[in-house]
Amino acid sequence: MNETEAEFTSFVRERGTALTRFAAALTGDRHQAEDLVQAVLERAFPRWKRIARRGDPEWYLRRSIVNAAKDGWRSDTRTLTVLERVGGEEPVTLPFDDYVRRDAVRRALRDLSPGQRTVIVLRYWEGLTEAETAALMDVSVGTVKSQTHRAMRALRGSAELRDAPPESEMAGGWR
Amino acid sequence: MTGPDESAARLAALAALVRESVEEEVREVAAPHDLAERVLARRRRPWSLRGLTIPLAAVATAAAVVALPVGLGFPGDGPAPTQTAAVPGDVEIVVGPDDLPAGMRPQEAPQPEAQGQTGAVDGLVKRQYYQPPEGGDGAMVEVYEGVTARDFAELYDLRSLVFAGCGFSGRWARNAVIAACEREDGLLVVVRISGSRQEKAAQIAANVEVVR
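Line by line, the protein sequences are chains A and B.
Counting the first sequence from 1 gives a position; the working numbering is that position plus 10.
Counting the second sequence from 1 gives a position; the working numbering is that position plus 243.
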């Protein structure tokens with residue numbers, strides 16, 4: 011193993027799980043996430059010296075993951091095609107319980123377009139600002155705002171969350 | 244609570260729910276313990292391309308800004324004499340007599356600094372520039388070891404090329420094209436030429452002889 015390979019291996023061992031979780035959050039599928047991270051690493055390795063020299067390889071990799079995820083990612087072809095929407099799952103009609111409610115949210119997230127899901131995950135899971143999200147996605151802040159608005163509207167209008175309890179009941183359960 | 248306040252609270256609640264849901268979804272996710280080894284092994288594994296089995300290995304970033312003069316194409320279509328590289332190195336690059344446009348001759352490599360080259364190229368064995376004496380359009384032929392056509396295809400978003408049958412071609416710059424061709428001995432020949440004729444670049448790449 012040469013020096014570059016050793017440095018690369020060390021980095022992946024240290025940050026691989028964080029990257030895989032990030033990809034899982036964006037794709038909503040841990041297996042897709044593993045494939046996506048591996049593919050991104052395979053593409054990055056040839057340029058690893060240069061990437062590492064820039065000082066923030068994780069940012070570079072996260073950006074690559076975001077770019078793949080926002081346009082859709084299919085591990086079977088290793089090309090960036092639009093994800094098929096997940097459907098046909100049983101609706102949750104009474105999302106009172108936290109677990110059930112979160113499960114409903116996860117399903118609703120899967121129904122978002124890849125771009126919308128990416129924005130939502132970056133904004134509300136990663137806690138990035140609109141500007142940071144825009145930089146990572148390589149889009150304008152205006153695009154982030156509009157995508158966020160549409161995504162949240164879609165989530166609120168999703169069949170599974172539409173039947174959420176009224177505001178008074180949400181106060182406790184919805185933190 | 245006013246209407247806007249209510250709306251904001253509802254939005255915040257939904258955002259929090261999203262955060263919790265995603266967190267719960269990924270909490271148990273972990274990278275495969277051998278992820279790095281998988282990546283490296285995949286790159287070392289022989290890669291089959293249209294029947295050719297090519298040893299996979301390390302890598303290269305392309306000569307990002309090797310300032311190949313770009314123009315409006317080749318000055319002529321006539322055959323040129325065989326071109327033999329004269330720069331130091333372990334191999335010689337020999338371009339077929341019918342491949343390079345008439346008048347093109349090997350040139351001394353420009354100084355990287357003068358060309359604004361931004362990064363080292365791992366795996367580069369030899370690079371040879373070609374240009375007519377009067378200047379203008381040019382060509383650059385490179386030989387890499389431990390680099391695959393797929394590496395270049397990914398770096399430059401190249402399309403699969405049927406013509407050469409050994410690699411990929413695509414647009415490299417505003418008015419220049421690139422072709423990468425894998426040889427059976429594991430070397431990769433990369434050709435960049437002025438103009439838009441990907442087939443021409445691929446033809447050169449497929450026909451280049453590398454003499455050790």
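In case anyone wonders, no lab produced these hints; they're calculated from the structure.
None of these values were measured; they are calculated from a predicted model.
Keep in mind that a hint or two might mislead.
[As the list claims (entries may be wrong)] Here are the simulated distance ranges between beta carbons:
#1 17/A - 273/B: 41 to 49 Å
#2 163/A - 440/B: 20 to 28 Å
#3 252/B - 152/A: 40 to 48 Å
#4 77/A - 454/B: 39 to 47 Å
#5 62/A - 248/B: 31 to 39 Å
#6 251/B - 11/A: 24 to 32 Å
[Claimed, not checked] Some chain A residues close to chain B (C-beta under 7 Å, calculated; not the full set):
#7 15
#8 22
#9 27
#10 30
#11 34
#12 35
#13 52
#14 56
#15 135
#16 138
#17 139
#18 149
#19 163
Beta carbons: idealized from backbone N, C-alpha and C, even for Gly.
Discussion item. Does the closest beta carbon of chain B sit nearer than 7 Å to the beta carbon of residue 56/A?
Written reply: Since the shortest Cβ distance to chain B is 3 Å, the answer is holds.
Worksheet item: Does residue 163/A meet its interface restraint, that is, does its C-beta lie within less than 7 Å of any C-beta in chain B?
Response: Given a least distance of 10 Å, the restraint on residue 163/A is violated.
Worksheet entry | Hint check: 7 Å Cβ-Cβ cutoff, residue 34/A to chain B | This hint holds: residue 34/A lies near chain B, its Cβ roughly 5 Å from the closest one there, short of 7 Å.
Item to complete: Hold the hint about residue 15/A up to the distance rule: shortest CB distance to chain B must be less than 7 Å.
Response: holds, 6 Å
Item to complete: Go through the hint on residue 22/A and say holds or violated, using the shortest Cβ distance to chain B against 7 Å.
Response: holds, 4 Å
Fill in: Beta-carbon spacing of residue 77/A to residue 454/B - inside the hinted bounds 39 to 47 Å or not
Roughly 41 Å apart at Cβ, these two residues keep to the hinted range, so it holds.
Discussion item. Given the hint of 20 to 28 Å, is the C-beta distance from residue 163/A to residue 440/B inside that range or not?
Written reply: violated, 50 Å
Discussion item. Holds or violated: the 31 to 39 Å window for the beta-carbon distance between residue 62/A and residue 248/B?
Written reply: The hint (31 to 39 Å, Cβ to Cβ) is violated, given that residue 62/A and residue 248/B are roughly 48 Å apart.
Fill in: 41 to 49 Å as the expected CB spacing between residue 273/B and residue 17/A, which holds or is violated
violated, 22 Å
Discussion item. Take the shortest C-beta to C-beta distance between residue 149/A and chain B; is it under 7 Å?
Written reply: Nearest chain B Cβ about 19 Å off; hint violated.
Worksheet entry | 40 to 48 Å as the expected CB spacing between residue 152/A and residue 252/B, which holds or is violated | Taking Cβ atoms as reference, residue 252/B and residue 152/A lie about 25 Å apart, which means the hint is violated.
Worksheet item: Given residue 27/A as an interface hint, is the shortest Cβ-Cβ distance to chain B below 7 Å?
Response: holds, 4 Å
Consistency with the previously given hints fails for numbers 1, 2, 3, 5, 6, 16, 17, 18, 19, ordered from lowest to highest.
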